[in-house]
Amino acid sequence: MPKPIRICLVGASGLVGTALVKACVGRRDVRLPAVARRELDLPEGARMEVLVADPARWDDAIAAARPDTLVCALGTTWRQAGRDEAAFRAVDERLVLDCARWGVAAGARQLIAVSSVGADRQAKGLYLRVKGEVEAALAKSGYQRLDILRPGLLIGHRDSLRPAERLAQLLAPMTDLLLHGSLARFHSVRAATLAEAILALVHEKPRGRFTHDYDALQRAIRRRNYTTAVDKAVAATVD
644 MPKPIRICLV GASGLVGTAL VKACVGRRDV RLPAVARREL DLPEGARMEV LVADPARWDD
704 AIAAARPDTL VCALGTTWRQ AGRDEAAFRA VDERLVLDCA RWGVAAGARQ LIAVSSVGAD
764 RQAKGLYLRV KGEVEAALAK SGYQRLDILR PGLLIGHRDS LRPAERLAQL LAPMTDLLLH
824 GSLARFHSVR AATLAEAILA LVHEKPRGRF THDYDALQRA IRRRNYTTAV DKAVAATVD
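If you read the sequence shown in our numbering, its first letter stands for residue 644, the second for the next number, and so on.
Hints may be right or wrong, so weigh each one.
[To be verified] DSS-like cross-link-like pairs, simulated, lysine-lysine; straight-line CA separation at most 27 Å:
no.	residue 1	residue 2
1	K875	K848
2	K665	K848
3	K875	K646
4	K848	K783
5	K646	K848
6	K665	K646
7	K767	K783
8	K665	K875
Hints listed in this document are in silico derivations from the structure and should not be mistaken for laboratory results. This one's a predicted model, so the numbers in the text were calculated from it and none came from an experiment.
Please put together the full structure from these sequences, using the hints given.
Here is the structure:
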């Protein structure tokens, strides 16, 4: 059996990070050490190392995780940041870029970063503009492979879900039906599906920078499922 891929997760307490932790339960192809500010409530069956440290010391924690791949699911909201641009950038820009730099120093060959559909350095809105600026900076971070994920509305349980966000999640199945062609990239994505895509992408070997919208995320999952099915068929034949 191939050596498990070591995935260092930052942002484990958020929606995507929580989904990734659950998705790794019982898997033998990956190991998932996580770096966090505090202890995590782990799902039943989870066997993983959580490196708890102040973000100022995450360089040491990421180095201790010995990652092959760094997954960055960090992010806050304008409301959580107190509607303060400096506080928002402290997490979504500075901490993300610091973690990327520490991942390279720790020997990671791949970075998978969760961004957002519509990320653009020229965007008028702060949220999408910062996402675009961070994407551009990550492209220069020195990884052999960089995967930028641009999901639309993320579907999943959050304790801090606002009424407008709850309504958007309820309406998503209907609005998704209207999203075709160039609008398909705005399709909602379940956090569990995004976690599945991440676990597919850690097995991708080609070097370079890759940006994944809704359709590309689905293709990554299908490629991995096909490869897994072929491997199982070959193994059964050999046995």
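(Q) Please list, smallest to largest, the hint numbers that this structure does not respect. (A) The structure breaks none of the hints.
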